[in-house]
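Q: Residue numbers (numbering that gives the first Met the number 0), protein chains in the order written: chain A, 0 to 244; chain B, 0 to 251; chain C, 0 to 198.
FYI, nobody ran anything at the bench for these hints, they're computed from the structure. Computed from a predicted structure; not experimentally measured. Backbone N, C-alpha and C define an ideal beta-carbon position, used for all residues, glycine too. Treat the hints with caution; some may be incorrect.
Stated by the list, open to error - In silico EDC-like links for lysine to aspartate or glutamate, alpha-carbon gap of 20 Å or less:
hint	chain 1	residue 1	chain 2	residue 2
1	A	116	B	213
2	C	31	B	201
3	C	29	B	3
4	A	86	A	162
5	A	118	A	93
Said to hold, decoys possible - Cβ-Cβ distance ranges computed for the label pairs, FRET-style:
hint	chain 1	residue 1	chain 2	residue 2	range
6	B	76	C	167	15 to 21 Å
7	C	50	B	84	35 to 41 Å
8	A	78	C	115	34 to 40 Å
9	B	222	A	78	34 to 40 Å
10	A	75	C	150	55 to 61 Å
11	A	173	C	115	40 to 46 Å
12	B	139	A	232	58 to 64 Å
13	B	139	A	35	42 to 48 Å
14	C	119	B	94	46 to 52 Å
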Amino acid sequence: MDDSVSTDPIIQLSGISYSYPGESPVLKDLSFALHKGERIGLLAPNGSGKTTLFHVIMGLLAVSEGNIQIFGRNIESEKDFVWVRRKIGLLFQDADDQLFSPTVLDDVAFGPLNMGKSKKEALFISRKVLSFLGLSSFEERITFKLSGGEKKLVSLATILSMEPEVLLLDEPLNGLDNKTRIKLIGVLNSIDVSCVVISHDIDFLLDCTDTIYTLRDGGIEKDTTVYVHSHDHAHMLGHVPHQHE
Amino acid sequence: MLQEPFAVGNSFIHRIDPRFRLISALLYSIVVAILYGFYPLIASVVISGLLIRTAGLNGKAVLKRLALVNGFVLIFWLILPFTAKGNILYTIGFLNIYEPGVVLALQVTLKSNAIVMAFIAMVSTMSFSTLGHTLNSLGLPQKFVFLFVLTYRYIFVIEQEYKKIWRSIKIRGFSPKTTIHCYKTYAYMIGMIFVRASARADRVYRAMLCRGFDGCFYTLSEFPSSSRNWLFLVMMIFLSAFILLMEFCFYG
Amino acid sequence: MHISEGILTWPVLASGTAFALAGTAVGLKKLKTEDIPKTAILSAAFFVASLIHVPIGPSSAHLMLNGIVGILLGWAAFPAIFVALSLQALFFQYGGITTLGVNTLLMALPAFLCYLLFKPLIVKKNHSIALAAGFSGGAFSVFLSGIIMAALLVFAERHFFGVSMMVLAAHIPVMIIEGIITMFCIGFLKKVQPSLLGT
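For reference, chain A alone in the conformation it holds in the complex (with noise of 0.2 Å):
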């Protein structure tokens, strides 16, 4: 790891493997380390894992062997990842699997009602995380009437109204247009938690996160080189002297 990062890492995965059932394995041997303040990037193919990789952190697929190791904690039974799920904050690909309530309020108000709190806390904390969002006006909008841009922000207001220390996205731009692209990362930029975010767009991926991974044969692999490059490219009205973002 980073020699600048001098804590014990908070999220700790020695030698996990993992293989859906009559399948060769997706997770062979794997080992990960996230610390606070880090933020990694995953880039790789398709059916590589990544997915998997973030199901495994949370509990929801259970490892066949190794250890992972949350807040110095180590996380085996149910329970262990109930509270795991308190502390780390997964988006998931489709916005749709995470909004299942009729309006966005009584959504982004599920998890901190789960987690004991009261209905008038849970409506400060959702509102709260709306109007950081910039959703005020969203309360009581239905959730599947939005567009995938609103839907996408929606969800990740209600995994930040869990008030998580640890981020996992998965693909979080899949399917966004620019303005809502830019507004996303922004926001991702100016929260203060770690986080892992899983992407094919390695600008990005270069924009939001400290360091690059990878998946390869069931492992993972920090990606350091830097290649120097050019590009070569094509559009319309491309003779008119311009810029790139």
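Mind docking chains B and C on chain A? Use the hints.
A: Positioned in the frame of chain A, the structure of chains B and C alone reads:
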């Protein structure tokens, strides 16, 4: 697909606590379902019509909903007058029109329209999320309410998925015919809808677990109390009692 | 296929509702919390799929699919169908509030019986037995729904006999098509995702 054209409004009925409305609707519908007599039935149609008016609903939209109901009623008109034998009212050629059949068809018509109108006026005037909270605060089992709300939510997602599959079938030149190939295609499409639905269900449940779901459902809703609610309930009880009394007085 | 508002008499409505509520209560009781999303989403799928019209000769009919719902859900078919029918009554004024119980009963009872009778055959390794059971299950559920509906109509009013015979006759082509569709659907699920059938 699921629209709520009547849910938005600011009428007297819209402002009544949804719990009081639901109970009133249930009580009133059950009473109307019991009726046989023409006077009480006509009275109930009038009352239901007045409820629709009080709710300030768009007449055209209400008629559209009623058209569907009356489509079914029409089947009774086409069969009953000729099959429910008794006194002959008219004879057209070799067909006899019997009195009991006409009476029954008329009863069915009045009853169904009265109940459906009342339902539209009192229940369709609340949004679905309100109805979910209402059922919850009326003490229905949490599992049921949750099932109800979740089913509604995912109808929209599944409809989208169905449309995607249907489009991909159509662009490959499928046209519905009465053939085995056609039924097989429908069967595979339905099978695919179920497969995707179950995969979706797995992910939804996982997402809920991630947010600390432990089998309990909490709700945010609170209904402000108002004397108007009681006024409405008492009025509906009174009207129900009134038509019931008519039924007993006139028809024993 | 359902009975609209204002047709049945109160003893029939009351007893139908009582049976339907009992079935729904047992179904809910047996429904584990972790299975609620699955039941709800399959119930939503049932709702959407039952709006699909399939051609029959020059006309078309919408599917009932209660056989396959029964096979997939078992006891939970009662609450799932109850919920789907409530939503239909609420949004389309199909069926109705006072007839919710009888309509649930006439859809869910055959679904549940289909589960009891045909599920054991469907999970068998032998493909032809499974397909035959699929066909029989699909056709049986629709047929039984038709019988229950006709019987309820006649119980309510003996003059409804003519109507009820029409209803029963209308169920026969649907029954055959549901059989065929259920059969292929079972074949599909066995190949694509046997875990849905519990195998």
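Q: Among all the numbered hints in the text so far, which are the ones the structure does not match?
A: Violated hints (numbers, rising): 3, 5; every other hint is consistent with the structure.
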